[in-house]
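Visitor: From first to last, the protein sequence lines are chains U and W.
The opening position of the first sequence corresponds to residue 1 in full-length UniProt numbering, with each subsequent residue numbered one higher.
The opening position of the second sequence corresponds to residue 1 in full-length UniProt numbering, with each subsequent residue numbered one higher.
As a list, the in silico EDC-like pairs of lysine to aspartate or glutamate whose alpha-carbon atoms are at most 16 Å apart:
no. : chain 1 : residue 1 : chain 2 : residue 2
1   : U       : K633      : U       : D610
2   : U       : K281      : U       : E95
3   : U       : K326      : W       : E634
4   : U       : K799      : U       : E631
5   : U       : K326      : W       : E635
6   : U       : K98       : U       : D113
7   : U       : K795      : U       : D808
8   : W       : K637      : U       : D113
9   : W       : K326      : U       : E631
10  : W       : K637      : U       : E95
11  : W       : K326      : U       : D610
12  : W       : K326      : U       : E634
13  : U       : K326      : W       : E631
14  : U       : K633      : U       : E615
15  : U       : K326      : W       : E615
16  : W       : K795      : W       : D808
17  : U       : K795      : U       : E631
18  : U       : K795      : U       : E810
19  : U       : K637      : W       : D113
20  : U       : K326      : W       : D610
21  : W       : K326      : U       : E615
None of these hints come from the bench; they were simulated from the model.
There are 2 protein chains.
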Amino acid sequence: MDNSGFCNDDYSGGSSDDDLVDLSATAQDLLEDPPDDEWNRGGPGYTPGGGRGQNGTAKLLDLLDDGLHGVGTYDDFNTIDWMKEKSKDRDRHREIYKKKNQSVLDLLLSVSDAFSGWLLMLLIGLMSAHWLTDLKEGVCLNGFWFNHEHCCWNSKDTTFQERDKCPHWKSWAELTLGVSEGASAYVVNYLLYVSWALLFSYLAVILVRAFAPYACGSGIPEIKTILSGFIIRGYLGKWTLLIKTITLVLAVSSGLSLGKEGPLVHVACCCGNIFCHLFTKYRKNEAKRREVLSAASAVGVSVAFGAPVGGVLFSLEEVSYYFPLKTMWRSFFAALVAAFTLRSINPFGNSQLVLFYVEFHTPWHLLELVPFVLLGIFGGLWGAFFIRANMAWCRRRKNTRLGRYPVLEVALVTLATALLAFPNDYTRMSGSHLISELFNDCSLLDSSQLCDYTSQGKGGAGNASLSYGANFSSGLSERAAGPGVYTAIWQLALALVFKTLITVVTFGMKVPSGLFIPSMAVGAIAGRLLGIGMEQLVFYNHDWPIFKGCSSSTKCITPGLYAMLGAAACLGGVTRMTVSLVVIMFELTGGLEYIVPLMAATMTSKWVADALGREGIYEAHIRLNGYPFLEPKEEFKHKTLAMDVMRPRCSDPPLSVLTQSGMSVDQVEALISDTSYSGFPVVVSQETQRLVGFVLRRDLVISIENARRMQEGIVGASQVLFTEHTSAQPYGGPPPVCLRGIIDLSPLAITDHTPMDITVDIFRKLGLRQCLVTQNGVFFLLYLCRRLLGIITKKDILKHMAQMTNRDPESILFN
Amino acid sequence: MDNSGFCNDDYSGGSSDDDLVDLSATAQDLLEDPPDDEWNRGGPGYTPGGGRGQNGTAKLLDLLDDGLHGVGTYDDFNTIDWMKEKSKDRDRHREIYKKKNQSVLDLLLSVSDAFSGWLLMLLIGLMSAHWLTDLKEGVCLNGFWFNHEHCCWNSKDTTFQERDKCPHWKSWAELTLGVSEGASAYVVNYLLYVSWALLFSYLAVILVRAFAPYACGSGIPEIKTILSGFIIRGYLGKWTLLIKTITLVLAVSSGLSLGKEGPLVHVACCCGNIFCHLFTKYRKNEAKRREVLSAASAVGVSVAFGAPVGGVLFSLEEVSYYFPLKTMWRSFFAALVAAFTLRSINPFGNSQLVLFYVEFHTPWHLLELVPFVLLGIFGGLWGAFFIRANMAWCRRRKNTRLGRYPVLEVALVTLATALLAFPNDYTRMSGSHLISELFNDCSLLDSSQLCDYTSQGKGGAGNASLSYGANFSSGLSERAAGPGVYTAIWQLALALVFKTLITVVTFGMKVPSGLFIPSMAVGAIAGRLLGIGMEQLVFYNHDWPIFKGCSSSTKCITPGLYAMLGAAACLGGVTRMTVSLVVIMFELTGGLEYIVPLMAATMTSKWVADALGREGIYEAHIRLNGYPFLEPKEEFKHKTLAMDVMRPRCSDPPLSVLTQSGMSVDQVEALISDTSYSGFPVVVSQETQRLVGFVLRRDLVISIENARRMQEGIVGASQVLFTEHTSAQPYGGPPPVCLRGIIDLSPLAITDHTPMDITVDIFRKLGLRQCLVTQNGVFFLLYLCRRLLGIITKKDILKHMAQMTNRDPESILFN
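Work the whole structure out from these sequences, hints included.
Guide: Written out as structure tokens, the structure is:
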């Protein structure tokens with residue numbers, strides 16, 4: 001570039017590991033392996049000339065090992081610049097592609113580069129499915145090494161129907177139950193249940209606190225934030241993976257009202273992140289890595305629910321920020337592999353990828369749309385209530401002394417849960433067991449309490465209630481509820497209230513806790529209750545004109561379907577999913593013919609919930625934590641201009657800028673220590689403020705640090721030069737520090753009169769971290785240049801948005 | 001604004017009708033209803049001050065009737081500016097929202113505005129479903145007013161199985177068949193078939209040519225282009241709707257190798273576009289209208305296949321350009337309504353939304369993945385071959401004399417189709433009938449030729465072939481093919497070749513022609529052949545170790561499943577859909593358990609086809625027609641800079657600009673007539689070229705035209721002023737024309753060193769039409785201003801992309 005030789009400004013991009021980059025260590029590394037490859041500079045500043053790349057003769061090793069230095073990486077709890085990262089990756093790709101005809105090695109490199117994405121997806125799909133299904137949720141009495149499926153397979157005496165009740169398989173919580181039989185043993189069982197629950201939850205919270213504080217909660221709010229371009233180091237690391245997996249099993253086994261689906265998404269993303277380290281392309285590029293994480297979250301749902309298409313849509317609709325079609329195909333492939341792996345592992349034992357397989361296929365009636373919409377309204381109301389209550393509780397936890405005793409909190413909640421849950425059959429069983437019980441339609445041989453119908457003639461002269469038995473006579477189309485059903489109704493109603501209240505305080509505790517299963521359980525209870533009500537209404541009033549359609553021989557009301565719709569409605573009300581929820585539900589249950597009722601219930605639920613509060617539970621948690629998340633769903637509605645948002649404001653001191661020449665190292669360091677801005681514009685001179693480019697604070701700090709250590713003769717009085725031609729260096733003085741390589745020469749600039757709605761759109765769509773604001777110039781004196789006025793960062797925009805909606809702008813904590 | 005009173009520059013946005021806006025007519029309208037509402041100016045130029053909106057006291061009527069003038073609209077065959085349109089809509093929304101507390105009427109207006117989107121979706125869902133299912137594909141012999149379902153419902157003698165063979169219902173093509181029975185009648189039937197086909201196709205092509213030339217073809221390439229922001233007036237108009245519906249029925253009935261699914265998407269979009277005229281919000285805003293059209297295309301697929309979720313995904317993956325989550329929810333709702341309407345109309349007569357319902361649910365074996373992947377490879381190869389062959393044929397049609405005789409071409413192709421199709425059972429039947437026949441698994445009572453299996457003992461001593469009968473003995477797990485199956489194999493192989501060749505020449509003719517059914521038919525044939533082959537291979541070699549899993553009592557190979565996968569693979573190879581295709585296929589068949597095989601076949605097909613050519617059939621047709629479509633899927637890989645693409649180039653004359661003051665009307669008109677640019681930058685003066693804003697050519701022409709007609713004293717020497725303060729007007733001279741209102745004051749500008757990959761990204765994501773290029777300035781002398789260098793338009797980018805991939809840049813025809 002130039003012959004002076006001491007301008008080590010060619011530091012490339014490259015990303016960071018789990019740990020914060022240690023500056024002194026990287027400077028040491030620099031001594032051993034000085035980077036001289038030209039093409040890598042595509043990172044922070046784009047190469048200005050078109051012909052630059054030709055002399056790029058980077059060695060293969062450099063290609064793989066660049067990014068030893070911190071330039072172009074990000075601090076923890078900071079936002080990435082999508083444009084920059086994607087541009088870096090395109091540069092890298094172009095270079096590999098161009099060299100592919102030079103040697104066989106280069107050709108192989110290019111081919112492996114092209115396929116590494118698919119290979120990574122294959123690995124994630126394979127390993128996540130294995131890892132996630134290997135959660136030992138119980139123990140096999142025939143041999144502890146068997147999993148659920150193999151345990152029950154080996155014990156030949158179980159039929160297909162009874163696979164859940166295979167006697168040799170005991171979940172951890174069940175293990176202590178039933179040790180003593182008889183009427184007096186109830187108290188013993190009760191005590192055992194409670195102490196077992198306390199032990200498990202205590203272990204879980206202790207492990208989380210000791211080894212991986214990030215392992216708590218659902219993880220989806222943080223993953224949404226990370227995918228939108230935020231750095232949280234260690235959030236997707238190996239310790240989080242390990243501890244979250246262990247504590248998730250403990251938490252689920254302790255009988256707390258929580259599910260494993262949300263945390264499984266987090267675990268899958270950890271898997272994805274760890275596999276990213278195998279491939280330079282993904283290790284070194286934050287944008288590419290986020291594409292992989294989007295796919296991993298699809299895999300998480302795919303495995304958790306056995307719903308591959310639903311997983312892809314979940315990632316698209318709920319989790320991802322940037323989801324191009326290419327990522328969609330990759331996610332699809334990863335979900336395919338995961339689903340296929342799941343099928344070969346066969347964890348549910350019925351060689352179908354269906355968790356809550358429903359066996360009824362009775363058609364529904366138009367009339368039933370009314371109760372379906374009612375369920376949607378219930379789901380929406382419940383979702384809105386849950387979000388408000390949970391937010392109020394979490395805010396109290398955050399702001400009062402409660403938050404200081406997380407272990408005690410978990411212990412108390414577990415104690416309350418266990419004490420209240422044991423007496424009621426429907427709360428004692430696990431959430432997913434409860435859901436599949438409620439989704440189930442009563443077949444002829446069903447012995448459950450919910451299926452205790454009296455067999456009855458057409459005349460309606462009720463008698464002969466077969467207690468806890470099945471009715472073999474007069475078909476299933478005409479059913480009056482027996483005493484078992486009435487008992488079940490009361491128990492379910494109590495369970496509904498209990499589950500609602502306990503889930504409010506459980507979600508957000510310092511243990512892994514998902515929300516899918518608890519909210520589905522609440523919805524399923526409500527749905528089943530309504531379904532039984534409808535069924536009895538039709539039974540006792542089948543002469544009403546509106547029930548005319550029901551008088552035929554086919555069954556009319558299927559309470560299991562109501563439970564399914566209620567579950568969808570409540571889940572929709574809490575998470576505000578629509579399309580993905582419908583797809584997940586019908587992949588979950590196999591009920592393709594119920595797509596219209598599902599859509600009706602889900603849409604109603606979303607409308608009702610949105611009318612009561614715009615945010616879903618995940619967005620609410622993101623806001624509570626103050627993460628810088630620019631919601632892609634909501635439009636910016638106010639009529640402000642970029643000049644109202646940019647820093648500095650009119651009253652502030654003027655913008656701190658660097659000049660392209662003339663500043664000494666001391667001056668630059670003073671500027672850095674005096675200000676807290678995350679970047680500085682470089683201008684030609686203080687007088688004109690004409691823009692040259694933009695330098696990130698972090699890059700500047702690292703580069704000066706490196707220069708001081710590496711370059712001889714650098715003192716406080718050395719000049720810092722951002723110019724291209726260093727011929728103007730002062731002879732006799734100390735050698736200058738050339739930092740042109742770290743300038744971004746084409747930062748995006750908008751004019752100060754750009755409306756904020758357009759600015760927000762630009763930030764959102766291009767994934768910017770900051771944007772310069774220049775003066776349009778026309779309103780001032782003629783012949784004034786288009787001057788640099790200020791900078792808008794993502795944080796400024798979020799603060800502005802908070803202000804416009806009367807929230808505290810200081811709640812946005814991070815950059 | 002100012003007191004001079006003659007500055008009628010507040011022309012608002014608002015979009016155009018089907019017809020090109022007649023300038024003189026709009027000027028006439030202007031006389032009757034001069035617009036003085038301030039807030040409407042949000043259109044072309046953003047209101048510079050924040051406090052402007054307060055004095056907006058727009059009358060209700062103006063609110064509904066603005067946009068009488070052409071300012072802010074687009075010419076035919078031009079690209080829209082998404083940013084501008086969305087900003088316009090936000091301004092409109094903000095205004096309505098702000099006023100909602102002023103009066104009850106305003107409140108109602110605001111509520112109706114919020115719900116108009118959903119109402120529109122409801123209408124589209126309802127009407128499209130009714131319109132599309134009312135296509136009279138045949139006639140009921142019991143009474144011509146019955147549709148298929150009612151016809152067969154009334155004739156009580158049909159069972160569920162036989163619903164397709166209901167004797168009273170005759171499709172148009174069947175109507176003449178079988179008029180005479182007996183051996184000698186074959187020739188009569190043949191002749192009738194051919195002449196019937198010729199009559200229908202002749203009618204179709206004549207109607208298309210006479211009334212609606214846009215009604216030909218599939219329509220999906222054009223809809224993709226329109227959705228990406230292109231204007232083709234009349235493409236979605238009422239004549240196109242009417243003629244396309246009629247000719248589609250004719251073309252399908254004529255027995256040509258074409259389907260109705262693609263055209264149905266076009267028809268649904270026409271419905272959507274026509275309904276848009278009911279709502280000002282959508283009539284006047286091109287971006288909002290495109291959101292509706294995206295949803296309408298989802299409705300089209302939802303109705304055509306009975307696949308609501310698949311429809312939404314099809315719109316997302318294949319058709320739409322800008323598909324925010326809000327549009328996804330709306331599409332989802334519209335698809336829900338359409339599916340629901342479809343269910344209540346019940347066109348397929350089985351109260352399920354399933355077109356090709358498959359009744360088998362036999363599990364598949366791991367080993368079968370090999371043939372499934374083979375089918376995927378076949379699909380990919382076939383797709384790539386089809387695209388190349390069809391492109392070559394279409395290019396020939398376009399460039400040679402062939403294109404001048406479209407009626408003759410249609411007649412010849414119909415003649416060839418009819419002559420060759422009649423002798424073969426499988427080509428004579430309609431495409432969808434063929435597919436459902438091939439998807440069907442042989443049940444016990446099936447009398448089809450394909451189900452002619454010999455019943456046989458375990459030993460394999462073949463005998464007792466029941467000709468065209470069913471085998472009642474020894475279960476279905478062991479089947480040797482009988483003579484009927486062997487005949488079918490030959491006929492299917494011939495049909496495969498015939499269908500492939502004839503579809504190549506059919507797709508792109510001047511009749512409505514879809515591609516889904518023909519390519520699915522080809523795939524289904526190939527799949528069924530492979531399925532029968534596999535079945536026989538397993539049957540004769542069930543002692544091979546790899547077939548060990550098959551020796552159990554369950555059925556091993558299901559040829560119908562192979563047909564299903566083949567259909568998906570071929571459709572995927574042609575259209576390159578992935579996720580949407582899988583969802584459509586399993587909604588189409590109800591085969592939820594076959595999602596992994598479907599995914600495997602589809603992914604393989606896409607990989608193979610992509611390796612042979614990057615473009616799907618729709619993209620290829622878009623390129624053939626020279627539409628300005630910026631493919632969102634493909635990355636720009638070259639290392640060029642914005643300065644290499646912008647106009648003017650170095651060798652060109654300098655950029656034509658307007659100055660903000662000092663130009664006369666004559667000068668501006670001379671500039672307009674001398675150049676063909678679609679817009680002009682406005683600069684402070686010719687010397688500095690410092691940018692003020694940007695003016696679109698069309699807006700300029702219309703405004704000057706209006707001023708000449710409306711404003712007194714405007715002559716050629718009148719000054720054109722773009723300044724805000726008109727105090728500098730020359731006293732004594734003719735009054736000036738104030739055109740500040742049409743300037744875009746904050747046009748997006750990039751520097752000349754911005755890499756093209758980033759520029760393409762910005763264009764794609766923000767939906768820009770043009771972008772200004774300014775000089776970074778640092779490479780030149782100090783104290784020079786950041787100068788305007790040139791403009792990049794979408795067309796420039798597309799031409800540059802064509803050039804970089806060694807295609808003819810002149811193939812991009814439109815702006």
